[in-house]
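Asks: Residue numbers (the working numbering), protein chains in the order written: chain A, 1 to 489; chain B, 1001 to 1487.
If you're looking for bench data, these hints aren't it; they were derived computationally from the structure. Just so it is clear, the structure is predicted and the values come from calculations on it, not from any experiment. By construction, the Cβ of each residue, glycine as well, lies at the ideal position given by its N, Cα and C atoms. Just so you know, not all the hints are guaranteed correct.
If you anchor each label on the Cβ, the simulated ranges turn out as follows [claimed, not checked]:
1) B:L1025 x A:A103: 31 to 39 Å
2) A:S371 x B:T1005: 29 to 37 Å
3) B:L1456 x A:P432: 41 to 49 Å
4) A:A46 x B:F1066: 47 to 55 Å
As a plain string of letters, each chain reads:
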Amino acid sequence: MAFPLLSLIVFIPAAGAVVLMFLRNDGAVRWTALGVTVLDFLLAIAVLAGFDTTTHEMQFTEMHPWVPALGITYALGVDGISVLFVFLTALFGWICVLASWVAIDRKMKEFMISLLAMQALMLGVFCALDLFLFYVFWEAMLIPMYVIIGVWGGDGRVYAAFKFFLYTLAGSLLFLIGVIVLYIEGGGTFDILALTAQDLPFRVQSWLFFAFLIAFAVKVPMVPVHTWLPDAHVQAPTAGSIILAAVLLKMGAYGFLRFSLPMLPEASVHYSPLMLVLSALAIVYGGLLALAQDDLKKLVAYSSISHMGFVTLGIFALNLRGLEGGILQMFNHGVTTGALFLFVGLIYERTHTRSIAEYGGLMKAAPVYTSFLALFTLSSMALPGTNSFIGELLVLSGGFAANVAVGAVAVLGALLGAAYLLGMYRKVALGPLRLGARSKVYDVNLRELTAILPLAVLVLWVGLYPKPFLGIIDASVNYLLEQVHGGSQ
Amino acid sequence: MEPVTSIRPLLAVAVAALAALAVLLLNNRHKLRDAVSPLAAMAMLAIVASMAPTVLAGGTVELRLFEILPGVEFALRADALGMVFATVSSLLWVVAAIYSIGYMRHLNEHAQTRFFACFATSLAAAVGGAFAANLFTLVIFYEVLSLVTYPLVYHHEDEEGWTGSRKYLVYLMGASKSVLLAALALTYQLAGSLDFVKGGLLATVDASAPLLTVIYFCYLFGFAKAAIMPMHAWLPAAMVAPTPVSALLHAVAVVKMGVFCVLRVVFHIFGAGLMNGLGLGIATAYLVSFTILMASIYALTRDDLKARLAYSTVSQLSYIVLGAVLLSPVAMVGGIIHIAAHAFSKITLFFCAGSIYCASGKRNISEMAGIGRRLPWTMGAFFVASLSMIGTPPTAGFVSKWYLALGSVEAGEIAFLIVILVSSVLNAAYFLPVSYVAFFRTEALESPATVHEIPLVTIPLVATAALSVAMGIFPGYFLALAEGVVR
Chain A
1 MAFPLLSLIV FIPAAGAVVL MFLRNDGAVR WTALGVTVLD FLLAIAVLAG FDTTTHEMQF
61 TEMHPWVPAL GITYALGVDG ISVLFVFLTA LFGWICVLAS WVAIDRKMKE FMISLLAMQA
121 LMLGVFCALD LFLFYVFWEA MLIPMYVIIG VWGGDGRVYA AFKFFLYTLA GSLLFLIGVI
181 VLYIEGGGTF DILALTAQDL PFRVQSWLFF AFLIAFAVKV PMVPVHTWLP DAHVQAPTAG
241 SIILAAVLLK MGAYGFLRFS LPMLPEASVH YSPLMLVLSA LAIVYGGLLA LAQDDLKKLV
301 AYSSISHMGF VTLGIFALNL RGLEGGILQM FNHGVTTGAL FLFVGLIYER THTRSIAEYG
361 GLMKAAPVYT SFLALFTLSS MALPGTNSFI GELLVLSGGF AANVAVGAVA VLGALLGAAY
421 LLGMYRKVAL GPLRLGARSK VYDVNLRELT AILPLAVLVL WVGLYPKPFL GIIDASVNYL
481 LEQVHGGSQ
Chain B
1001 MEPVTSIRPL LAVAVAALAA LAVLLLNNRH KLRDAVSPLA AMAMLAIVAS MAPTVLAGGT
1061 VELRLFEILP GVEFALRADA LGMVFATVSS LLWVVAAIYS IGYMRHLNEH AQTRFFACFA
1121 TSLAAAVGGA FAANLFTLVI FYEVLSLVTY PLVYHHEDEE GWTGSRKYLV YLMGASKSVL
1181 LAALALTYQL AGSLDFVKGG LLATVDASAP LLTVIYFCYL FGFAKAAIMP MHAWLPAAMV
1241 APTPVSALLH AVAVVKMGVF CVLRVVFHIF GAGLMNGLGL GIATAYLVSF TILMASIYAL
1301 TRDDLKARLA YSTVSQLSYI VLGAVLLSPV AMVGGIIHIA AHAFSKITLF FCAGSIYCAS
1361 GKRNISEMAG IGRRLPWTMG AFFVASLSMI GTPPTAGFVS KWYLALGSVE AGEIAFLIVI
1421 LVSSVLNAAY FLPVSYVAFF RTEALESPAT VHEIPLVTIP LVATAALSVA MGIFPGYFLA
1481 LAEGVVR
């Protein structure tokens, strides 16, 4: 039997959470959480290092019967698409611990337990090859996230947590119905690969497509089911926002890639115009909302809606460049927006305000902070040379090939992005120092810099040399395209 | 001829980038810090010059670094067109670096470290753009140039500075994040590459004429640095920057980057054949003719000397584009060498405006009565450079305008010959009054004790005026390069 690397990755954070329960001192809690997440990250790198990029087959697979009577197995494995997000999740694991080091002022132990539980479940989602197992991880994720927002959030945390819970639960219920239909129509198995190989009638595909659409659209989130996101982001503690942006928002898009496209290829092709229009709507509407924000965190939250519009646009362009761009953009959005939320958190810790109008001239007080903020701002607006530009270029290239009008509207969204991001940066970083005496603004310390640096490296690495990253997903994307277009012929 | 592989194109970029780093590190040691820029400029000029023989002989010097996307590399290549831009930028950086020291010290400007660091980075970006071997690499340097010049525009950090710099960024970023982005995505989708191809990358692509036309105009307006109307308004706004910035960046590096990109698109993305086939050449020629005339009329109405110079730049940039899009070999040569001719003369004019400002604090032409008596070298150089802008022999401007005029005739487009001649009259109408006021109006003569030449400022501007004449007499180097592009 092969070494169960993926199980280790999934369960080490869970085991860490259990260990934390027995610790009393906050310092020990922090360092243990950090140790666990760093170990998990190293294992994720080991998976990436051992990953064979020449095949679309699932790798590092593990298979154990779980409830044989119902055809449920404990099956894990990663392909080129999921392995990228295993890496991203593991990376943000320790970054979130560092981001919460002093920002969490009460119940440190309980917070770190929630954080580790969250990480285990998210990794489980990306590794699961059994639909039932997937659903368990997917649903269970809601609980620690609800707790993180509801307990450690801002003043409106209860409302925000409840809204988050309701929206995603509503989506999940439809997903559950879809899962059951799939189980019955697909011949009584929960094996994702076996279900993918099924050739379902178009009518069934259509119904399932819309059930999945609503479930995943809430998570992405797509307009008009996005309204939980700004509330959740604004109220969540920094680490919560980072997880939301970097990983949770990817779940919806991952759902489209893992279920909608390969299992429902004909429906995906048939309804792709609708998806393209919805994506373009999200790009522009999210951008306009971001333009109107004074709250820094809300601005980044709305920008996420716009950027995730690019992701779904790329995916439903249903061509090679679009899909590769969409998936790369999922990764990029995770890195960049995760970093931006980290930066919002850092400045909030120092100034206790998130109002852009109250900042100004931070360049003078915190040059290192503002320099890195510039990098991530430029990355978010997809300046050539940064990670997002590669993704954006591929998505637009694919988008134009699918539909010129939709591509043109998406370009408008890119323009909006430049407007609100550059405007934000100017108001926050340049000009005379405004906060002055009211609060002590100091530059980033070593701990914060440690969290920032790997993200900065990824921004430039993907921006200038995306080949290794595209290489990882390439085989799987090509296979996915075969499944989609093979099915529709 | 086989391309020569060498690290020198990268070295030219690196020397300026490292200079910026050195400036930052030497923040508190002003003399050392100020010495960095001229030294780096000379090193860069030497590196660029070392590649000249190969390029003049019809070869290229290239460095392919790595693949960014399928069909898109990060690669540098010094070819004839790139050498024109790189030679001009690096040569004038040497002069401007010295001028900047004189100017910034004399006015005791704040944030000098930021100023010199951004200045050096701008040059790295400009030369990187000159040597970019494909559109992707070019656009990276193009955007870096927009960003690092932004702090130079808001340098004074006053109300005027913030408004001007905001307009600057809105125009440049707005254009590149909308139409330019669309053009890049469409080109990549159609051609699967962003390489510069002799004869045109898109020439062999199967695409509809309307789509190609849209892509072309997306490029033309997307490269807003070329300041083709209506994308010109950022340039007068950028004049709030300190004068050395207006001189080297907003008369040479930044704006030339814009027209350079347009030339790359015309020559190597579309190619003469496709341009002709779609009728794009003549359409663009009318568009830029409007810019040439309209900007000259604007210039006539401006009393602020730098504003007048800015509108003159808008007008002159369109000469370069006009030469390229007439698509006749002689006109193309004229357009390309006008890059150099305009650079030498316009930097002189800006240097003079800065010299006047340093010496007397005056910006408006109407207040400069008699200043020629106090600043004879400055105003003498101003006169020489004005002649070059108008196109009088034996100055650089004469050579390029001669080729442009001849090219219009060769292309059989007499309308553009008239445009060139009329605009030359307009040039005379807005430049010569400055010299007249400075030398012959004496009602408000300043005392020589307070208004006098500042050596570190005056020597560079005399040098560039001399360059304007020298290029008029010995245009061989730039002509040879331009012919290398057209060949």
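Asks: Work down the list of hints and note, for each, if the structure agrees.
Replies: Okay, the hints, checked on the actual structure:
{"no.": "1", "hint": "B:L1025 x A:A103: 31 to 39 Å", "result": "holds (33 Å)"}
{"no.": "2", "hint": "A:S371 x B:T1005: 29 to 37 Å", "result": "holds (35 Å)"}
{"no.": "3", "hint": "B:L1456 x A:P432: 41 to 49 Å", "result": "violated (31 Å)"}
{"no.": "4", "hint": "A:A46 x B:F1066: 47 to 55 Å", "result": "violated (26 Å)"}
Violated hints, listed in ascending order, are 3, 4; each of the other numbered hints is respected by the structure.
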